[in-house]
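There are 2 protein chains.
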Amino acid sequence: MDIRTVTVKENILIENNQKAEELRKNLQEKGIFFINVMASPGAGKTTLLVELINRLKTKYNIGVMEADIDGDVDAERISKLTGVKSIQVHTSGACHLTAQMVEDAINEFNVKDLNLLILENVGNLVCPAEFDTGSHLNMMLLSVPEGYDKPLKYPLMFQVSQIAVITKIDTLPVFKFDIELCKQYIHRRNKDAEIYVVSALKQQGIGELVKAIEKRMA
Amino acid sequence: MDIRTVTVKENILIENNQKAEELRKNLQEKGIFFINVMASPGAGKTTLLVELINRLKTKYNIGVMEADIDGDVDAERISKLTGVKSIQVHTSGACHLTAQMVEDAINEFNVKDLNLLILENVGNLVCPAEFDTGSHLNMMLLSVPEGYDKPLKYPLMFQVSQIAVITKIDTLPVFKFDIELCKQYIHRRNKDAEIYVVSALKQQGIGELVKAIEKRMA
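These protein sequence lines map, in sequence, to chains A and B.
Add 467 to the 1-based position in the first sequence for our numbering, that's all there is to it.
Add 467 to the 1-based position in the second sequence for our numbering, that's all there is to it.
Pulled out of the complex, with its shape left as it was, chain A reads as follows (with noise of 0.2 Å):
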């Protein structure tokens, strides 16, 4: 990038960064907690969204909005698989969401007693990692064919997640993914960083992962 990009980029995520921290606070006050999940492509972001939110919908008020660039299949396969109020939020070709459009996405939400907002962002390892969208909490979902070698390749997504998930894992048979070698790689770039192995086929780990993001709800 020449500098002009550059300098114009760091604008606008220092706007953004400001646009996220007021969004954060303002959520926190009317007692929103509000998840913004990140992965690549494929790497079953809306199945494992539909059997959390499946076990967490008795105790809380949900409201999720599901960002890609074109489509709407993840909202509607949400709102049939779960009943909860799902909306599709279009990025017009970008990457990633911002928090302005993270807080104008909330403006359509109708839910009564709303407390919990969860984020589907844009399928991608880079740029949404750059956006802060607000949130009180990052969960980026690496699966097992992707490969185990991803936290070296794109270290601010997993710098920027509190919680990593690998998923898919009832397909370790299919695939050379090696989980210790994978968490070490992730504990490279956020050592505070919690991992969770799931399987949202085969119920997996499911459990655990509710609990954690349950207690970061409290």
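None of the hints are false.
Each pair may be met inside one copy or between any two copies, as identical chains are not told apart.
DSS-like cross-link-like pairs, simulated, lysine-lysine; straight-line CA separation at most 25 Å:
#, residue 1, residue 2
1, K547, K524
2, K547, K643
3, K476, K486
4, K579, K552
5, K669, K643
None of these hints come from the bench; they were simulated from the model.
Following the hints, put chain B in place on chain A, whose structure we already have.
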């Protein structure tokens, strides 16, 4: 994105398009065919490239550029498994390569009579599609574990790719992936896209893909 951001980005894209056209022409004059390979993180780009390069290297003098935010595992792997010259390009945090970055990297090559240049772009289904690298062929990979709905969500990537490769088809028994529907979705984005279906692990479909590449080089 606000208006200012959009304008700056448009200018950057216009400048990049000009640079890319210039680079594409220069490379053609020098007899160098340039392939830009794009996909999500973990879609199997490096593994497929190893197979393709090992079949192409007897006929062509190949140079490989491995683009990543950080790490140099891919460049090392390509060099080790194919013997061809491979350089790692770091993007300073950016989610894509520009034509200028490609031109700068090319100058680092010291391959005698280079006639095939391959770029493995940053793992990302969004940004690399926006930035013309100056390539003669855009080849994108979609792996079975990612799911067949990706053309609905990441339209531009499929629009700009002349060849779409569905990878890891050996894992079809493990995932719900409708190949025919996926092909329909791809053709909805780009009716002229050639689609190949491969497993680098099981050596399936590689020969057809090599032929398709050579046909475009002729």
